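Student: Residues per chain are reported as follows:
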Amino acid sequence: MNVLFFEVTLLLYFLGTVLFLSQLAGRLEGVSQSAFVVAGVGFFFHTLALVSRMIEAGHIPLTSMHEALSFFSWALVLVFLVVELRLRLHILGSFILPLAFISLISAAALPKEIKALAPIFRNVWMHVTLSLLGTVAFAIAFVAGLMYLIQEHLLKSKHRNVLYHKLPPLDFLDDLNGKAISFGFPLLTLGIITGALFAEFSRGSFLNWNAEQIGALGTWLFYLVVLLGRVTVGWRAKRAAYLTVVGFAGVIFTLVGVLVKGQHPFA
Amino acid sequence: MNIIVVGLNHRTASVELREHLAVSEARLPEALARLKRWPGVTEGVILSTCNRVELYAVVKDTSHGFDSLREYLLKMAPAISHDDLAPYLYYFDGSHAIRHLFRVTASLDSMVVGEPQILGQVKEAFEAALTQKTTGLVLNKVLKKAISVGKRVRTETGIAENAVSVSYAAVELAKKIFQNLAGKTVLLIGAGEMAKLAARHLVQAGMQNVLITTRNYELAVDVAKRFHGLPVPFDDFPREMAGADIVICSTGASAYLIGPEDVQRALHTRRNRPMFLIDISVPRNIDPEVGRLDNAYLYNIDDLQGQVEKNLEQRRQEAMKAEDLVQSEVGLIVRWIKSLEVLPTIVALRRKAGDIQRGEVNRILAKFGAVSPRQRELVEDLASAITNKLLHGALVALKTEADSTNGPLFAEIAQRLFDLEKEIAAAAAKDETEQTSTVLPDGPP
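So the sequence lines, in the order shown, correspond to chains A and B.
So the numbering used here is basically just the index in the first sequence, starting at one, shifted up by 20.
So the numbering used here is basically just the index in the second sequence, starting at one, shifted up by 8.
Bear in mind the hints are in silico, worked out from the structure with no lab data behind them.
A few of these clues could be false.
List of simulated lysine-lysine pairs, DSBU-like, C-alpha gap at most 35 Å [to be verified]: (1) A/Lys258 - B/Lys153; (2) B/Lys184 - B/Lys329; (3) A/Lys176 - B/Lys318; (4) B/Lys407 - B/Lys131; (5) B/Lys318 - A/Lys186; (6) B/Lys438 - B/Lys83; (7) B/Lys153 - B/Lys131; (8) B/Lys318 - B/Lys159; (9) A/Lys186 - B/Lys329; (10) A/Lys186 - B/Lys152; (11) B/Lys184 - A/Lys186; (12) A/Lys178 - B/Lys204; (13) B/Lys83 - B/Lys183; (14) B/Lys131 - A/Lys176; (15) B/Lys204 - A/Lys176; (16) B/Lys131 - A/Lys186; (17) A/Lys258 - B/Lys204; (18) B/Lys183 - A/Lys176; (19) A/Lys178 - B/Lys318.
Note that this is a predicted model, so its numbers are computed, not measured.
Just chain B, with the same shape it has in the complex (with noise of 0.2 Å):
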């Protein structure tokens, strides 16, 4: 029994080959129900997205498994050919696969680190593996503890804070000027890609009013509609300004457009609310001095770029407090799968040691006819102090070496000298039957 996960990411593989490989959602009941019945698979969970496609299941052997799940990637992908898929995979076992599920999960994987989106497509493959029942005793467990490691390290360090694109720099900024940015209104004055993205931004964030001016009127007009907005004419924006609470600049004009007068006159129209002016064009167009004006608050490319730059530095740093985390993390839950491996053994040699006990007493007992309880309370006694005492030692042995890499072996040991085959055979068919019996979680806690 062994942990694997085999798949390609953004960094291994193009995204022709990634789209070949994605499971759509309406694909993925049928693609997990035949992940289970795969050879050699006792559990399994598909998770892609459009950076990764990647298949975790717990298998018997694992050179084995390896072979197997490639075999799977090139079944659901007829058009790829093993040379053409093999370079980019990655295979990863153990506690390496435990590893690289919370780094994923974690989002320290991810081409952003500290991206959002992660979490919740590792709960969605979850979600769709327990409605398949492909999932089991060990990776329910094991993917349980990476969603919530992913939620400790988002709430834990400081990895997902901060804007790390220009745009999201400029709503981060807007949101420390405004309490509520439904009720306010943005005015784009020239429709560069960057402006649009941090226009489409804020209207996400709540801005419903978007007012938007271009040189070319039509242009405005098409812009307009793409974001509920109004296209305001070019010359009549320095009026429409005082309107305004956040102004975002990015036309190819060669000279300043707004100068200090022109924010002032619309600074007292709005009786000194605060304006909030972007200026992402280059060269500028919004002349430095608006800067200095009260409740005015410009911000061009370099300081937005700046504070990105930062913000990128200081989730590197956040990262590293992250990778120790899931360090940790991993090790807890190896030492449960290990013991998982000697626990079935341990068990067995308890219950077949019970049972000969047990019929050995009452066997002497009915030959002793008559007994008062204390002599039988003593030949009980006697007999399960010589089992125990006899037992102690190997099971104190299992219990120590499942730690360590001979675990298995031992374990095999023991069901070999103490024939424990049919015992162990046994207590699984009997947990087959309970966990199919038993009705599945909700979800992820």
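Next up, chain A with everything else stripped away, as it sits in the complex (with noise of 0.2 Å):
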């Protein structure tokens, strides 16, 4: 049942990228509200999918690397909704949406059995889950701050395309990424802390230098220093969104890297 549900929401998650996409192209109003009711009707299938994946496992499905995919996918888009019913910006679709997309057709392209649990793993979901809810928020800082970079070359270059109109303003994007860097970093360090103890009792050491661990505490860093960079030195603007994009480009390659690398007990 969990399979049919995730293609469902698979395919509405697909039509609603292509509506979020072509609304970029015209002034069509409908679009975006008829895109944002995909999306949440594929949001509805989505929670339908993991809540019947949840029975049907008999424990919180976040033990592979296509259940945790999947949940990032569920809260981008369930922190999208919040964002939008809030705010109603349209654009955000645009760029969230297929993000979501993306990462959910990643996951349906990893093995999808449900994993039947060592004890130890048992409570592994606290790690995973903070882990993931960090990223979601340092996607949305990269998302921001995407489009901060995009508005910020229109208004220098002076060229004022749909993409201008419907951008949000400069330091309402700033202010997003600022907030989404303050929201993620407390949570990436909770999910490494949990890692580490997890490790520590299923391993018996709680770091053992693999490339993924190196990689988390890369990212861990990083984000620090883009946080402290803005509270204290005035990093912000231009230089945050910078700094985020790349940023989540290490995230992305972290979580590679957690895929390729046998270490973890996702792979």
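Take the two lone chains, each set in its own frame, and fit them into one complex as the hints suggest.
Tutor: Here it is in structure tokens:
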């Protein structure tokens, strides 16, 4: 059952992505409305998929890369829906939904079977949830940064197109960027701490310097610097936008590292 | 019954003449009441703005109506002679009058196409007429439609999008950099007219903190008063710049007043919060190199002017779409009005036939004495079949001719042939009492 729901979700996110991208092209107000509805319905099926999978598995379904990516996509759409309902930005979906779709289709490409869980991993979902929610926040920061850089370029080059009209003001994007990182950083910190604790319990050492652990620590340090830079010496605006776009690339790299290398219990 | 308009606007008449004819809000009720009583006028609306004075009326006879409304205008402005006024008036009737009203309401006839005020002004004119009860079936419908067409044009075409003046273009840009202008500060360097205008628009858009500096400190103090702002000594402005989110520069200086190092310093002090610099002075006062700095957005007069040109061109294109929309709506309402001309005749004909039919059936049944329900039904069917078949051709002809210019002629012929004048007069009297007794709507939808 969860696979069917999953596939319906995939289809709806694809449709939503197409609609959201096409609304960038024109003035049609109705498109962003229907894109939002499609995303909402997709989210509903996604929730059904996650819940039914949890019932089938008998534990929280966050024990494989497939499940992690699916959850990441779900949380991303959730944040999008909440932000969109409050702020009515219209353009946010054109950036976030493609990301959610890419994440979900990556999940679809991975093995979907429900793994029997060793007792030691019973509570590993805490580590995964925290890390993923941190990543969702960084994804929002990434999207805000990307929109900032586009709008900044359009303002500098004095070139006004559809995007110029649809993108929100610069200081709003900078603010969103800052808030997203201030949310994401504590979550990632807790995610790393819980991860280290589980590593300690399962393998007897909380740190064994494998690629994804180094990647995670590198990401953590990077965002720490970005956050401190903003608070202390005014690393905001364009610089902050650049850094968060680059930083998210690092996050993706770490995730791929987790996937490719076999050290992590997910792989 | 015909809808006509007589008026003048910014294109046909000088402002002096328009001033003479303009009807102030205070005088409007009395003017409307007089228009309603004016010979030949059955419904009337007065649209008086600074750019136009127009009388819309429903009249029995078009050419008499035109003369009558011209006389009305002359009566309202005793200082103006017939010869002073007549050459500047325009006259439209029927679909042309409706189209004119729709174009006016949609801001297609405005000095600046797409300007937002006219829609509200038409609404107010209509509301005043409703209060004075000077409109009826026709103008109520036409004005409501005009207002909805005006709204549709604004939402469905880009006619009202994007700034068409340099100072508004500056505000629009500011809103792309700053989400909320309320807490932001603008620094005016020099007090040229355009700079003051831009500052005024920014204040209207919610900006509260205004700093002003000019070489002549007295002038700065004077201008500051008008904006509830703060004057700043001219030598201090490079330091004050750090606190300014928007800088508008318009001095007569022949060299650059602000260089990249000044702005760099200000940005550093502001911890890289973005700055929007507008240079509307010629020759330029801000070194163009400033535009290369991160987080500094520099626009000069040509950048803004270029944007305005593009926006104007876009409005012209959108105006063509709006014209199409107006045209199709005019078609719909004209058909409705035409049907109105034959409708009373159709109703009266049906009613008269029904009355005769019922009378004859009752007369014949009374002669029969006792009849079964089945027999009664048969007699009634026979009577209605005869009347319906007899009238069918006439009714179809009336309905089809309603769309053509022959509508009123056919209606009159039918009235004569079937002797309907009495029925129509009775129905009209009934309508009149109903209309005055029903409560008027609150306002346009």
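Student: Take a quick look at whether A/Lys186 and B/Lys152 sit within 35 Å of each other, Cα to Cα.
Tutor: holds (33 Å)
Student: Holds or violated: B/Lys183 with A/Lys176, Cα cutoff 35 Å?
Tutor: holds (15 Å)
Student: For the pair supplied as a hint, B/Lys184 and A/Lys186, confirm whether the alpha-carbon distance does not exceed 35 Å.
Tutor: holds (10 Å)
Student: Does B/Lys131 sit within 35 Å of B/Lys153, going by the straight-line distance between their CA atoms?
Tutor: Holds: B/Lys153 and B/Lys131 sit about 11 Å apart, inside 35 Å.
Student: Would you mind confirming whether the straight-line C-alpha gap from B/Lys318 to B/Lys159 stays at or under 35 Å?
Tutor: Holds: B/Lys318 and B/Lys159 sit about 24 Å apart, inside 35 Å.
Student: Given the hint that A/Lys258 pairs with B/Lys153, test it: the Cα-Cα distance must not exceed 35 Å.
Tutor: violated (50 Å)
Student: Going straight from one Cα to the other, do A/Lys176 and B/Lys318 come out at no more than 35 Å?
Tutor: Within the cut-off at roughly 18 Å; holds.
Student: Between B/Lys83 and B/Lys183, is the straight-line Cα distance small enough, at 35 Å or below?
Tutor: violated (50 Å)
Student: Could you grab the alpha-carbon distance between B/Lys407 and B/Lys131 and see if it respects the 35 Å cut-off?
Tutor: Satisfied, since the Cα-Cα distance of roughly 33 Å is no more than 35 Å.
Student: Within 35 Å, alpha carbon to alpha carbon, are A/Lys258 and B/Lys204?
Tutor: holds (31 Å)
Student: Run the distance test for A/Lys186 versus B/Lys329: straight-line Cα separation, threshold 35 Å.
Tutor: holds (22 Å)
Student: Do the alpha carbons of A/Lys178 and B/Lys318 lie within 35 Å of each other, as the hint requires?
Tutor: Answer holds: A/Lys178 to B/Lys318 is near 12 Å, not above 35 Å.
Checked against the numbered hints above, the structure violates hints 1, 13, 14; every other hint is satisfied.
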